[in-house]
Amino acid sequence: MELILSLAIGTLAGCGVWLLLRPRTFQVIMGLVLLSYAVNLFILGVGGVRLGMPPFLAKGQTGSVAQFADPLPQSLVLTAIVISFATTALFLVVLLASRGLTGTDHVDGAEPEA
Amino acid sequence: MTRWLDHLLVFPVVLPLVAGAVMLLIDEQHRILKTAISIATIVALTGVAIALLGLVDARSTEAASASVWVYRLGDWPAPFAIVLVADRLSAMMLVLTSVLGLASMVFSVARWDRAGSHFRAMFLFLLMGLNGAFLTGDLFNLFVWFELLLAASYGLVLHGSGTRRVKAGLHYIAVNLATSLLFLIGVSLIYGVTGTLNMADLATRIPQVPAESRGLLETGAAVLGIAFLVKAGIWPLSFWLPSAYSAATPPVAAMFAIMSKLGLYAVLRLWLLLFGASSGASAHFGGDWLAFAGMATIVFGAIGVLASQDIARLAGFSVLISSGTVMAAIATAQVGVTGPALYYLVSSTLGIGALFMLIELLERGREPGADVLAVTREAYGEDEADDLLRPDEAGVAIPAAMAILGLCFIGCTLVLAGLPPLSGFIAKFAMLSALFGPPGPGTHAGVPPLAWALLGLLIVSGLTTLVAMTRAGIRTLWTGAERTVPRVRVIEIAPIIILLLATATMTVQAEPVMRYMQATAAALYAPQGYIHGVLSAPAGRGAPKKEGS
Chain A
0 MELILSLAIG
10 TLAGCGVWLL
20 LRPRTFQVIM
30 GLVLLSYAVN
40 LFILGVGGVR
50 LGMPPFLAKG
60 QTGSVAQFAD
70 PLPQSLVLTA
80 IVISFATTAL
90 FLVVLLASRG
100 LTGTDHVDGA
110 EPEA
Chain B
0 MTRWLDHLLV
10 FPVVLPLVAG
20 AVMLLIDEQH
30 RILKTAISIA
40 TIVALTGVAI
50 ALLGLVDARS
60 TEAASASVWV
70 YRLGDWPAPF
80 AIVLVADRLS
90 AMMLVLTSVL
100 GLASMVFSVA
110 RWDRAGSHFR
120 AMFLFLLMGL
130 NGAFLTGDLF
140 NLFVWFELLL
150 AASYGLVLHG
160 SGTRRVKAGL
170 HYIAVNLATS
180 LLFLIGVSLI
190 YGVTGTLNMA
200 DLATRIPQVP
210 AESRGLLETG
220 AAVLGIAFLV
230 KAGIWPLSFW
240 LPSAYSAATP
250 PVAAMFAIMS
260 KLGLYAVLRL
270 WLLLFGASSG
280 ASAHFGGDWL
290 AFAGMATIVF
300 GAIGVLASQD
310 IARLAGFSVL
320 ISSGTVMAAI
330 ATAQVGVTGP
340 ALYYLVSSTL
350 GIGALFMLIE
360 LLERGREPGA
370 DVLAVTREAY
380 GEDEADDLLR
390 PDEAGVAIPA
400 AMAILGLCFI
410 GCTLVLAGLP
420 PLSGFIAKFA
430 MLSALFGPPG
440 PGTHAGVPPL
450 AWALLGLLIV
460 SGLTTLVAMT
470 RAGIRTLWTG
480 AERTVPRVRV
490 IEIAPIIILL
500 LATATMTVQA
510 EPVMRYMQAT
520 AAALYAPQGY
530 IHGVLSAPAG
540 RGAPKKEGS
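These protein sequences, in sequence, are chains A and B. If you count the first sequence from 1, position 86 lands on 85 in numbering that gives the first Met the number 0, and the numbers rise without skipping. If you count the second sequence from 1, position 19 lands on 18 in numbering that gives the first Met the number 0, and the numbers rise without skipping.
Since the hints were derived computationally from the structure, they do not count as laboratory data. Treat the numbers as computed from the prediction; the structure is a model and nothing was measured. Each statement offered as a hint is correct.
Just some of the chain B residues that point at chain A, by a computed CB distance under 7 Å: (1) E146; (2) Y153; (3) G168; (4) I172; (5) L180; (6) L183; (7) I184; (8) S187.
Even for Gly, the Cβ is constructed at its ideal location relative to N, Cα and C.
Can you build the whole structure from these sequences, using the hints too?
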């Protein structure tokens with residue numbers, strides 16, 4: 000499970016960084032999206048990977064840390080997802096505005112001199 | 000204390016939030032109403048910030064932890080829930096934010112608020128984000144405030160539209176989105192090692208982190224630090240800053256002057272709290288890196304100032320010099336240097352804010368990009384959308400516009416280059432004298448090479464700023480037969496004069512201001528007061544419980 004998770008994070012982050020460094024705005028935005036997926040999985044991972052563990056106590060139960068998933072990273076991930084969703088949407092608008100104003104989808108707003 | 004006073008600490012966040020939301024409901028046609036509400040809000044914010052500063056400072060005569068004022072959101076005790084914390088540093092930054100915000104907002108009334116929609120709402124949300132970030136005592140909450148103010152700043156950097164702004168805004172947003180991801184990685188690594196996000200609680204736990212986890216903790220702190228350094232515009236993470244700042248509309252650029260200081264604030268707060276002298280094996284982690292990065296930023300900024308042909312870019316590079324100077328001074332990790340560094344931070348932020356607004360007035364009477372060499376003029380984009388906005392409506396124009404603009408320009412130059420008699424000189428002088436002459440006998444054991452390097456850089460950067468500003472001033476104010484005398488309204492020049500008068504006040508009242516800054520620095524280097532204040536607040540509500548993870 001840990002191996003799958005870390006491979007997934009690594010693959011997403013690698014693809015994300017590569018795309019982020021590409022010259023086209025759409026590639027940049029896809030790179031940011033993939034990177035944010037990687038980071039979200041990473042946050043989930045730092046709470047410890049546990050399968051089938053509840054994050055909350057059942058009624059009348061006494062708690063032991065070993066039997067429960069850490070709920071805090073899950074709530075952090077929720078916040079991070081919401082924020083990255085909103086900022087990605089905003090970036091998409093700027094991307095379209097840039098495409099409309101400059102007539103190119105290059106990140107610098109102009110094609111490089113060949 | 001009355002009930003209202005208890006809740007004073009949450010007002011810097013709630014006031015702009017409510018006012019900003021109200022702005023969205025009022026139609027753009029009701030300009031006067033919207034302007035009145037937003038200016039009244041910022042005036043109230045300034046009042047609250049000054050009251051907080053006064054209260055925090057007055058309390059400090061008691062115990063060290065009493066100068067830390069904690070507001071528990073939802074009334075949960077500190078390690079479990081988010082707290083707002085006002086100490087001297089936070090209160091000072093709040094005052095600086097609201098003064099700068101007031102000046103920018105008044106300035107924007109003249110014309111810039113009509114350059115696009117929802118300017119005031121975004122502006123107020125930006126203030127909310129800044130205030131929240133300065134007040135929060137929780138690491139993840141800091142991330143949320145960063146995102147909120149960045150979201151507002153994305154809108155503001157594009158305010159006024161135009162090709163140049165969209166191009167610069169695209170880079171700005173991409174850089175900041177990537178930085179936010181680094182911020183998250185850093186926060187989650189630190190959480191993974193320590194099991195807490197409360198800053199004060201973190202400070203108590205970091206000395207106890209076992210050696211095998213220390214690498215992970217330091218990695219997390221380094222990643223987090225990189226995120227802050229990007230915001231502060233520290234070389235080599237600063238290439239986005241001059242173009243974004245110079246492309247933004249003037250009142251927005253003036254506000255951005257304090258956004259770069261937010262990164263410095265975060266480093267100052269967290270580095271001294273988490274990796275101060277008492278933090279065990281990780282004490283002063285990364286201090287050398289901060290020092291060298293800060294000095295490299297001064298060099299980069301100084302060269303950039305000389306190289307820029309456009310005054311707005313010049314102002315952008317002077318933001319870098321200011322950031323670098325504060326960073327290098329903090330990284331010396333000496334109490335005596337940090338106090339003047341804070342003084343410098345306030346003074347240079349006011350100066351840069353005034354300069355960004357002044358530039359627009361100076362450029363008004365000239366053809367766009369007149370000081371860019373003819374060769375590069377074509378590439379500069381003459382189809383500025385701003386030209387459509389040239390206002391013709393009535394307004395009280397000031398007499399002797401050129402003389403007053405010239406005097407303001409000289410004022411900005413003095414503050415930024417650090418020449419007497421304004422506050423920039425006092426700041427630099429106090430920093431250098433603290434570096435070289437620690438008071439008390441037996442301390443003359445030689446001056447470290449780092450201090451010599453910093454001395455050289457401070458003087459050289461002041462000289463290059465002076466040269467560049469003089470050149471720009473001669474070109475803008477003295478030459479150019481084709482220029483017309485700009486029509487400047489009182490409402491535009493007044494904020495600039497007020498900001499410059501604030502630096503003059505800092506000069507005249509240098510002693511009490513410096514005493515406050517020194518007390519702030521002393522509190523930062525003795526974080527026990529902060530930690531105790533947060534974890535045991537408020538007194539009489541029972542002892543704080545430790546989280547059991």
